[in-house]
Amino acid sequence: MIGTGILKGLAETARNFFLSYVSKDRLTTVQYPEQRLPQIEAARNFPFLVYDGAEWDAGMRCVACQICEKECPPKCIFIEKSKDKKPDAVGKPQFYPARFDIDISVCMSCQICVEVCPFDAIKMDVEFDLPTDDRFAGLMLDRHKLSKSNEYYHEIHPTEATAVDTALDAERAKAAAAKAAAAAPKPASPAATAASAASTPKPTEGESK
Amino acid sequence: MIVAAVNAGSVDQVFVLAKHALLARTPDALQPLASAIISIIPLLVVFPSLFAITTVLERKGLGRMQNRLGPNRVGPFGLLQPAADGIKALIKEDVVPAAADQLVHFFAPVIFVAAAFVAYAVLPIGRNMVIVNLNAGVLFFFAVGSVVELSVFMAGWSSRSKYSLLGAMRAIAQMISYEVPLVLASVPAIMQAGSLSTVDIVNAQAGYTGIWPHWYLFTPWGIVGFGLFLIAATAESNRSPFDLPEGESEIIAGYFIEYSGFKFALFFLAEYLGMFATSALGITLFLGGWSAPLGISLFTVVPSYIWFFAKLLGFICFFIWIRGTLPRLRMDQLMGFAWKFILPMALLNIFVTGLWRFLPASPLNSIRWIVCAAVLAAPCVVLSMSLKQKKKLLIRTYHFAE
Amino acid sequence: MDLATIQSELEVSVPGCRLQIVDNPSPCVQHSLVVDAEHAVLVATYLQDFLHFDYCSNVTGVDWLPKELSEKIKVKKTVDGPNGPEEKEVDEVRKTSVPGYLEVVYHLFSTTDRTGPLPLRMRTAGREVGGEATLLPSLTPVWRSCEFQEREVYDLFGIHFEGHPDLRRLLMWDEFTDHPMRRDYVDPDDYEYEPTAHDEVLARMRQHYSTQPGPAFGDLPQGGGQ
Amino acid sequence: MSTITLPTPPVLNPPASLEASASENPERLLELSLGPQHPSTHGVFRMNVVLDGERVVRLKPVFGYLHRNHEKIAENETYLGNMPYTDRLDYICSLTNNWAYALAVEKLAGIPVPERAEYLRVITAELTRLLNHAALVGFLLQDMGASGTPLMYAFREREKILDLFEALTGARMMCNYMRFGGCRVDAPAGWLDQARKVVADFPKFLDEFEKLLVSNEILMERTQGVGVLSRELAISSAISGPMARASGLNYDIRKVDCYGIYPRFSFRVPLGSHGDVYDRYMIRILEMRESLKILEQALRDIPEGPILDPKSKPRGFRPKPGECYGRIEAPKGELGFYLISDGSPNPYRYRVRPPSLINLTVLEDLCLGHNVADVVVILGSVDIVLGEVDR
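Residue numbers (the numbering used here), protein chains in the order written: chain A, 1 to 209; chain B, 1001 to 1402; chain C, 2001 to 2226; chain D, 3001 to 3391.
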């Protein structure tokens, strides 16, 4: 008889119509600006630069090694090495990026930069709300905009950040031990290092908008 | 007069009385004109508003069927969505293709809307509430309905687009082939009532046996007639699963693909008006028009126009439900269905109505019922089986390789 | 069936065909069979009909640029030594230039024997665009699956397939003249490019549009977007 | 030795009867361009159709609107740098694309894959198959004019799988998850239980879907006997995936190549006998049920262990010279990667064998003599994604 299949289908849509009022499983819509889905820890969007401590420019972990720039598949990272050095996360004097730009209109969120970074300096952000009315300059994030604190990193990726911190702490301890060992015979050198670190000119604020 | 209006039963007649009161204050010479204007203006307000309500209802209903919320941002529960849509349609640019026949392109939506409105002239929306009680009312309705085809073809042809031409071709083929079963499906009601006047047909169904109404739906030929009418009406008003002229996934929007802005909105309006009008005719012919569904005082005390709109709303919900469920038919299948199934059944139904009329009703009503139902049911089953068999439609079983 | 057996069987069945096995040093050991253009259709038909390679899954082109092989050889030369001319062995670099060619690779499978892949290769005489050098027979009459893929190879590599029923460009537009998958292809700098401020393409594009500033590039960001 | 009979070139022109009616009065023919902007071409695909009334007399697909020369980009990119680009081929099933590419590179360089990674690969690949087929049947019904209902049901389920992907890989669609010699990250705590729950709930959706449409007369009318693909043409045209199996060709690469750890799982391969749109639709529904079986087994048996080959490192990967063709059974068919290495960090030649494009070879054969409305449905049943067709 024609129509039995149609009637079955009608019953199914009617069932869904009524169940959508009772079952949360069926009405999965989330009213976006008011409600938000819980943040998934593994989520990634665009990269950011991690800094330790309170000052973004002083604590930046990046040492401008330019590996990420080279490995980035769509070539959206642009780095300019500094002329001078300053102490990095472990305490060794290192270069720092005088300029670190990511064109997020080109970035494809593949996180290969994170994988290749040997200094745990670049990590993936979860921020997706980045609208701008200038599609060229507005989507070009400079190093100030890219810098986020380690606390923020802990907030968005707690497990990963803890692992990174443990590794870094171990490295710092190792460096400190080495320094202590080196300091014992030659007491003059740590002061010299400290002096050179202090004399490192901080990057000017005017550079970033 | 005022005393009469206070009477509970006459809440029903409040609009009629108001019209009479207004007419009494107009000069005699202007009375025919004033009468027409007073009748038409509410119509021009009520049905477009119903259209607005329907669009939001449809979107919300479809949404719920699809486990979505539907529009819910404009106004409380998204009820002001049609207003937003209307404003959008009004301020959009009106693009007319350079190659289009400008005049015809302009008049197509106007004629469409006008024709859709004219059909309401003969539809009784309440007791004593009909604009003109033509003695050939049903005939008038179908005649006006065919103007719609003209405007559709005007739109499709004048746009000079291949898609709109295909849409127009489909629309003409479909509307003409479903016009026939639509008319034939209405004939039994006309036969039984013995009149082409819509008011007479409603009055013929007005009484009650106990509390059971005398609607034509509750006769064997009425059920079949109503079913056929419903199918034909769906096709006639281009609703899913017969929305081929618009065939969104194939020919995008069919005949009105080249319209934008307010003209597009007019097409939209006219389509819904056509759907309401056909539904209203179905209510008139088979569902007792404005009469209450049960002969109990709780129901009969409700004004007649409320019953009419309640039934209309029922029709609208049914159309939305169907739209949310079914995929679209193909052109040849649609035609085949019209000519091979609906038409024979409609013809048979006319014969059965005659049988029903001449079989004695008083002593053995149930026998009359059974005989007529049997005469209708057997061919219906046979026809649908043959339709299915010829196409070899089967739920298949599959084998598996390990 | 291993490749040597196939080769010998083909050499018997298709008289005159010149076959050559190309060894693949990769651990996947997919050695391939090079067939000469003249007998390719016959060989393919034989492979399909008698060796059940009925499923030609993948067709693609490879561009091999002309290269110079340099090898060190010892040459005996007469050199003016302190004691007059004397014969001496001298290291000399001899350069042999290998002409470039284009190659089509067909990956064949068998749905009945469930074997494969058998990479079948054909090589053109040269790399010149158009003309005789890049002519190869089409295998579309044998395996229908080659139809679009040979069109793609024609489009991107510029290999002309003789006997193809409908040899048109597949991915690039008809008016396009170059073959972008060739290794010496230089992409034009006059196409509309979304300017990323850190790209040499931007510099090239600026150069190109400096004479005729297009409306889309009226106000480009200056410098690095800083 | 039997003689070789040369093949006759394929008939790419319409059958004689159609051609005759067309040539009699060419002025009644209508040339119509379906696409590139068309709701049912699943992207920017175009078909130049010649119609006699509404009947298709000729149909020529036009490609390239989404062409970005993926292969050329890949030849200038490192092996690892190509991985995120493969996500963008068939952007509905990025994880199977990842797998196919990783498999080809692993075969090329001879890299082993740890067991847990193999399990994770199977789990993600079968989940991808579920979401692809669910989306496909939804789109197919949408093309048939069902105003969104089946599609929304399918997307409701797809969303749950995408949530799983996000929790595992960090992205919903562009996963970039697999690496040469394993997977990038291990499943986070609780992920496997979450996956088990999704897998356990999925049959409910399939039942609902079947009730809604499988016995629907309109669906049967629209699909049965439409776009029939014969087994012979399917083989000759190298049609793969559910489309080939709907034509009765028993060729599932999971069974044929036994790649990964598929031989460990018991599952069946559904086969159609008519090769029409209805078969293609049903085969996909049945395949979803088989995928669920694999998923149940994989989620039950997954062992603990490393997920990446210890020798694999993100930078400085240079496989030895050689070439390799690696393929997997992607949801749309045989997805193959052909790589030639010259020992440098970039592949010398990188070729994607796109199942969507090759399955379109027979589009004209399937559509000739049918209606415009059928063209849309047949195209829907082929299951293409333009990111992969045009590359």
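One or more of the hints may lead you astray.
[Stated by the list, open to error] If you anchor each label on the Cβ, the simulated ranges turn out as follows:
#1 C3258(D) - Y32(A): 29 to 35 Å
#2 E2128(C) - I40(A): 52 to 58 Å
#3 E3031(D) - F1400(B): 20 to 26 Å
#4 L1090(B) - I40(A): 41 to 47 Å
#5 L1044(B) - D129(A): 45 to 51 Å
#6 E2128(C) - Y32(A): 54 to 60 Å
#7 E155(A) - E1402(B): 49 to 55 Å
#8 T29(A) - A3200(D): 20 to 26 Å
#9 L37(A) - E2128(C): 40 to 46 Å
Simulated from the structure, these hints should not be mistaken for laboratory data. None of these values were measured; they are calculated from a predicted model. Idealized CB from N, CA, C, for every residue including glycine.
Checked hints:
1. Distance hint check: the CB atoms of C3258(D) and Y32(A) are about 45 Å apart, inconsistent with the given range 29 to 35 Å.
2. Separated by about 56 Å at the C-beta atoms, E2128(C) and I40(A) satisfy the suggested range of 52 to 58 Å.
3. The supplied range of 20 to 26 Å is broken by E3031(D) and F1400(B), whose beta-carbon atoms lie about 44 Å from each other.
4. For the hinted restraint 41 to 47 Å between L1090(B) and I40(A), the CB-CB distance of approximately 43 Å keeps it satisfied.
5. Range check, L1044(B) to D129(A): Cβ separation about 47 Å, and the 45 to 51 Å hint holds.
6. Separated by about 58 Å at the C-beta atoms, E2128(C) and Y32(A) satisfy the suggested range of 54 to 60 Å.
7. Look at E155(A) against E1402(B): about 52 Å separates their beta carbons, and that is inside 49 to 55 Å.
8. In this structure the supplied range 20 to 26 Å holds for T29(A) paired with A3200(D), their Cβ-Cβ distance being about 23 Å.
9. In this structure the supplied range 40 to 46 Å is violated for L37(A) paired with E2128(C), their Cβ-Cβ distance being about 59 Å.
Taken one by one, the earlier hints fail for this structure at numbers 1, 3, 9, listed in ascending order.
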